[in-house]
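J.: One letter stands for each residue in the lines below.
Number of protein chains: 2
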Amino acid sequence: MTERLPLCPISRTAMILGSRWTAQIIRELLDHGPRRFQDFSDALEGIAPTMLSNRLKMLEESGVVERQIYETHPPRAEYKLTDKGRKMSGIIGAMRDWGAKYG
Amino acid sequence: MTERLPLCPISRTAMILGSRWTAQIIRELLDHGPRRFQDFSDALEGIAPTMLSNRLKMLEESGVVERQIYETHPPRAEYKLTDKGRKMSGIIGAMRDWGAKYG
Numbered sequence: 001m002t003e004r005l006p007l008c009p010i011s012r013t014a015m016i017l018g019s020r021w022t023a024q025i026i027r028e029l030l031d032h033g034p035r036r037f038q039d040f041s042d043a044l045e046g047i048a049p050t051m052l053s054n055r056l057k058m059l060e061e062s063g064v065v066e067r068q069i070y071e072t073h074p075p076r077a078e079y080k081l082t083d084k085g086r087k088m089s090g091i092i093g094a095m096r097d098w099g100a101k102y103g
Numbered sequence: 001m002t003e004r005l006p007l008c009p010i011s012r013t014a015m016i017l018g019s020r021w022t023a024q025i026i027r028e029l030l031d032h033g034p035r036r037f038q039d040f041s042d043a044l045e046g047i048a049p050t051m052l053s054n055r056l057k058m059l060e061e062s063g064v065v066e067r068q069i070y071e072t073h074p075p076r077a078e079y080k081l082t083d084k085g086r087k088m089s090g091i092i093g094a095m096r097d098w099g100a101k102y103g
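Protein chains in written order, with the numbering used here: chain H, 1 to 103; chain W, 1 to 103.
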């Protein structure tokens, strides 16, 4: 293998999935479509609001999730997967299968 | 670790892959078979010995990797995937594909 490790595809993917809660946030969006902040709070038992906010921002910066304002008075936002994010379904599915059998 | 055991299969898998370097360590073992500590040090550019030691211990405790003594004078150990660990190839492959395309 000639590629330098920090640039290897697995490292790049691991950098996104390698933070606690990110895989579960993506799973929520894959299973249920666009979600509001409160939906994640309700579904991901034990996640603190500051942690959730931090993770959503990180996923936005990685181009996996996008934030959309769907109402302006009062302003309401929802989060959805980008095309790049939807393409993570194979990884999340493989994680789910492995975890169900061996985790 | 006093953290509550996450109950969903994706969380359990993410706890293993969700630490920096673990996915790359598993990839090394999938690609090359049993490896010695030094082999990982050489292949994973930038990993500190204490970090590598910590990650290998974590993967052993998770039942993904096992340590085997293959020579007693002087003692030499190598690390190999358990059956449970080999079954992670689907996840690692999906991570590699996604990272190559979108990462």
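Hints in this document: simulated from the structure, not taken from any laboratory. Some hints here could point you the wrong way.
[Said to hold, decoys possible] Facing chain W, from chain H, some residues (calculated, C-beta under 10 Å):
no. : residue
1   : R12
2   : S62
3   : D83
4   : I91
5   : K101
The beta carbon of each residue, even a glycine, is placed where N, CA and C say it ideally should be.
J.: Against this structure, judge whether each hint is valid.
T.: Hints versus structure:
The closest approach between the C-beta of R12 (chain H) and any C-beta of chain W is roughly 3 Å, which is under the 10 Å cut-off, so the hint is satisfied. Interface restraint check for S62 (chain H): the shortest CB-CB distance to chain W comes to about 9 Å, inside 10 Å, so the restraint holds. Look at D83 (chain H): its Cβ gets to within about 9 Å of chain W, closer than 10 Å, so that hint holds up. The interface hint given for I91 (chain H) holds, since its Cβ lies 4 Å from the closest Cβ of chain W, which is under the 10 Å cut-off.
Interface hint status for K101 (chain H): upheld, as the beta-carbon distance to the closest one in chain W is roughly 7 Å, under 10 Å.
When the structure is compared with the earlier hints, no violation turns up for any of them.
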